[in-house]
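Enquirer: For reference, the chains in residue letters:
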Amino acid sequence: MKTIEQKRMNRRMTRKGQLQMTETIAILFIFFVLLLFGVVFYFRYQKIAFQEKQEELLAARAMESTLKALFMPELICSRGEAEPEDNCFDVLKLNATQKTMQQYLDEYYFEIFSYATIEVQETYPENQTWILYDKPKPEFTRKEPTFFVVTLRDELAGINQPEYGFGYVSVTVYS
Amino acid sequence: MSRKISGKSSHFVRDLPIGRKAQMEVTFNWVYILIAGTVILLFFVGLVTRQKAISEERLSGEVVEVMSSILAGAGVSEKTKNFIDASGLADYTLYFQCIDGVSEFGIKDRPARTQNSIDAIFAPHEIQSSRIVTWSLPYGMPFKVMDFLLVIPSTIKYYVMGNDAEFVNEFLNSTEGIERIYVSGLQQIEPEENLQVRIIDTSGTIIPGSSVPAQLQSFEDAEVSAVVFTGANQVDFYQKQGSSWQKLNLESVRVISLPGEKDAAKYAAIFAADDQMYWCNMGKTFRRLELLTKVYGGEEIAFGEAGGKIGELIKYYEVDSSSECLGHLAQYNDNALDALTKLSHATTACRLQQDSCVDLIVAADQLKIINDKLRISCSVSLY
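As given, the protein sequences belong to chains F and X, one line each in that order.
Heads up: the first sequence is residues 1 to 175, going by my numbering.
Heads up: the second sequence is residues 1 to 383, going by my numbering.
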C-alpha cells in the first residue's frame, strides 16, 4: 500500500518536474529570441548610423575640397603683394596648373583632394573646360558634387586691363 | 524519514532521503542562481566597459575631426584670427608634432590622430586650454605659397622685449586677443599661475648669456621657453633648464622671408614649439613653392626655358619683339624668366640644404622687382 502511494507520488512529482523543465526551456527560448532580436536590431541600427556618418563625412569633405580649391595659390587671381581677388581664377594659371596637377597628382595633390574630380567650366565668353584634377575612386559607391561660381580673369584678352569671364568650379568627391 | 523522491535532480539526489534531498536542491538552486547571475552580470559589465571604450574612441575621433575641419577652414581664410571656444575639450590634451615633413595632430594617449604633409601648422607641442586662437598668415616668396596656420592657446603668455621697436609695435598691434605683453627686461616679467611663458627677444641680446629670472624658476622646465631673433634673419629657440637657458637648435635657424609687414615666417617662429617643428613646416612650404614655380614657369623652368604662365605671356608678346613687356619678361638683363629660373633652382637647393635658402631670398626679391615693373609698364603681371 505504502509502495503504491509512494509510486503515485513519485510519478506526480516527475510530471511536475517535467512541466518545470518545459517552462524553463520556454523561458530560455523566449529570452534568446529577444536577445537575438535585440542584437539584430542593434546591428541594423549601427549599420544605418555608419552609413549616415559616411554620408555626412562625404558632404563635409566635398565642402572642404571646394574651399581648398577656391583658395589654391595655383589658381587664384593674385595681385602682386596685395590680397588676391575673391572667387576668381587666373586663366593663364589654369592652363599651367592643369599640367602640374596632373603630373604631381599622386605625389602631392592626392594628399589635398584624395579621390575627387575638379573641373572648371567657363560659361562666358566661351565654353572652355579645364579638368584640373581627376582621380575617381575605383568602384566608388557614392559621389557628392559641389558647384561654385567663379570669375575667370584673362590678362591677355583685354586692352590694358584684364578681361573677366564667368564660369563655375565643380568639385566631385567619391567614397 | 527514509522516504525517497524523484524529480529533476540527478540520480544521486534522487537516491537521497527526502529531507536531505530538499536541502541539497535548495543549495543547488542558489548556487545555480549565483553562477547564472554572475555570468549575466559579467556580460553586462563587459558590454558597458566595451561601450565606454568605444564611446571614448568615437568622441576623440570626432574631436580630431572637428579640429581638423576648423584648422582646414582657418588655414584657407587669409589673415583671419579665429577664437575657438574649446571649453568642451579642456579635459583633453591636444598634441602637435612634425617629423620628416609630416605633421601629426591628435589627442594625447588616444588613438585618434590625423596626419598632414601639406599644410604648415605652427603650434606648441601640447595644448590643454579652454580657448584656442587660430591665426592664418599668408606666406609669399614672392608670390603666395600658402597660408601659415598659427595655433595659439590661451594658456601661454607671450612676453615681448628688445629694442626692435618697429617689430614690437607691429606684434602688439596685430596680436590683439592673444595673451601678450611688452616688458623692458626679464625682471619685469610677472608670471601668472597656470600659464606657460614664452619670451620673445627681438634684439637677440637678452636671453643668450642670462639666467632664468627668479620669478620663473618655480615653473616646470617645459613651461618656459624663449625665441630669440638674432641679426641677419636668424632665430634661436631656448628652453628653461633649471636656472639657465638651453639652446634647442644646434645650428642657427634662418627666417626665410622677404622684408615687409606681418612677416609670416617670423610669426611662425614665435608660435612654433621648437626649431624642429619650425623647420619641418618650412620644408612643406618649400615643396609647395617648388610646384608653384612649375605653374609659373612650367617644367622647362628648371632648364631656364619658358613654360607655364610665363611661357604664355612671352608667346603673346613675341609678335612685337621691341615690346617693353617682352623685355621685362625675357630680354632685359634683369628679366622675369631669369629670376624665375633662379628662384626654381634656389628652391630645390633650399629643400636640400638650409644654407642655400639665402639665395632663395635674393631670387624672390629680384622677381618681385621685375613683377612690379611688368605691372606698371604692361598692365600684366606674373603673379
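Derived from the structure by calculation, the hints contain no laboratory data.
Some hints here could point you the wrong way.
Stated by the list, open to error - Straight-line alpha carbon distances no greater than 20 Å define the calculated PhoX-like cross-link-like pairs of lysine-lysine that follow: (1) Lys342(X) to Lys262(X); (2) Lys68(F) to Lys81(X); (3) Lys68(F) to Lys16(F); (4) Lys315(X) to Lys79(X); (5) Lys99(F) to Lys135(F); (6) Lys79(X) to Lys68(F); (7) Lys53(F) to Lys137(F); (8) Lys7(F) to Lys68(F); (9) Lys315(X) to Lys99(F).
Said to hold, decoys possible - Computed spacing ranges between beta-carbons, pair by pair: (10) Ala90(X) to Asp134(F): 42 to 48 Å; (11) Ala302(X) to Asn95(F): 14 to 20 Å; (12) Phe44(X) to Asn87(F): 54 to 60 Å; (13) Tyr124(F) to Ile181(X): 35 to 41 Å; (14) Leu57(F) to Thr27(X): 30 to 36 Å; (15) Ile40(X) to Thr3(F): 53 to 59 Å; (16) Gly177(X) to Leu57(F): 30 to 36 Å; (17) Tyr115(F) to Ile35(X): 50 to 56 Å; (18) Ile181(X) to Lys137(F): 37 to 43 Å; (19) Arg50(X) to Lys137(F): 27 to 33 Å; (20) Asn95(F) to Glu176(X): 21 to 27 Å.
All residues carry an ideal CB built from backbone N, CA and C; glycine is no exception.
Enquirer: If a hint holds in the structure, say so; if it does not, say that too.
Expert: Structure-based check of all given hints:
no., hint, verdict
1, Lys342(X) to Lys262(X), "25 Å, violated"
2, Lys68(F) to Lys81(X), "18 Å, holds"
3, Lys68(F) to Lys16(F), "76 Å, violated"
4, Lys315(X) to Lys79(X), "36 Å, violated"
5, Lys99(F) to Lys135(F), "14 Å, holds"
6, Lys79(X) to Lys68(F), "16 Å, holds"
7, Lys53(F) to Lys137(F), "19 Å, holds"
8, Lys7(F) to Lys68(F), "89 Å, violated"
9, Lys315(X) to Lys99(F), "18 Å, holds"
10, Ala90(X) to Asp134(F): 42 to 48 Å, "44 Å, holds"
11, Ala302(X) to Asn95(F): 14 to 20 Å, "19 Å, holds"
12, Phe44(X) to Asn87(F): 54 to 60 Å, "56 Å, holds"
13, Tyr124(F) to Ile181(X): 35 to 41 Å, "54 Å, violated"
14, Leu57(F) to Thr27(X): 30 to 36 Å, "57 Å, violated"
15, Ile40(X) to Thr3(F): 53 to 59 Å, "44 Å, violated"
16, Gly177(X) to Leu57(F): 30 to 36 Å, "32 Å, holds"
17, Tyr115(F) to Ile35(X): 50 to 56 Å, "53 Å, holds"
18, Ile181(X) to Lys137(F): 37 to 43 Å, "51 Å, violated"
19, Arg50(X) to Lys137(F): 27 to 33 Å, "32 Å, holds"
20, Asn95(F) to Glu176(X): 21 to 27 Å, "42 Å, violated"
When the structure is compared with the earlier hints, violations turn up for hints 1, 3, 4, 8, 13, 14, 15, 18, 20 and for no others.
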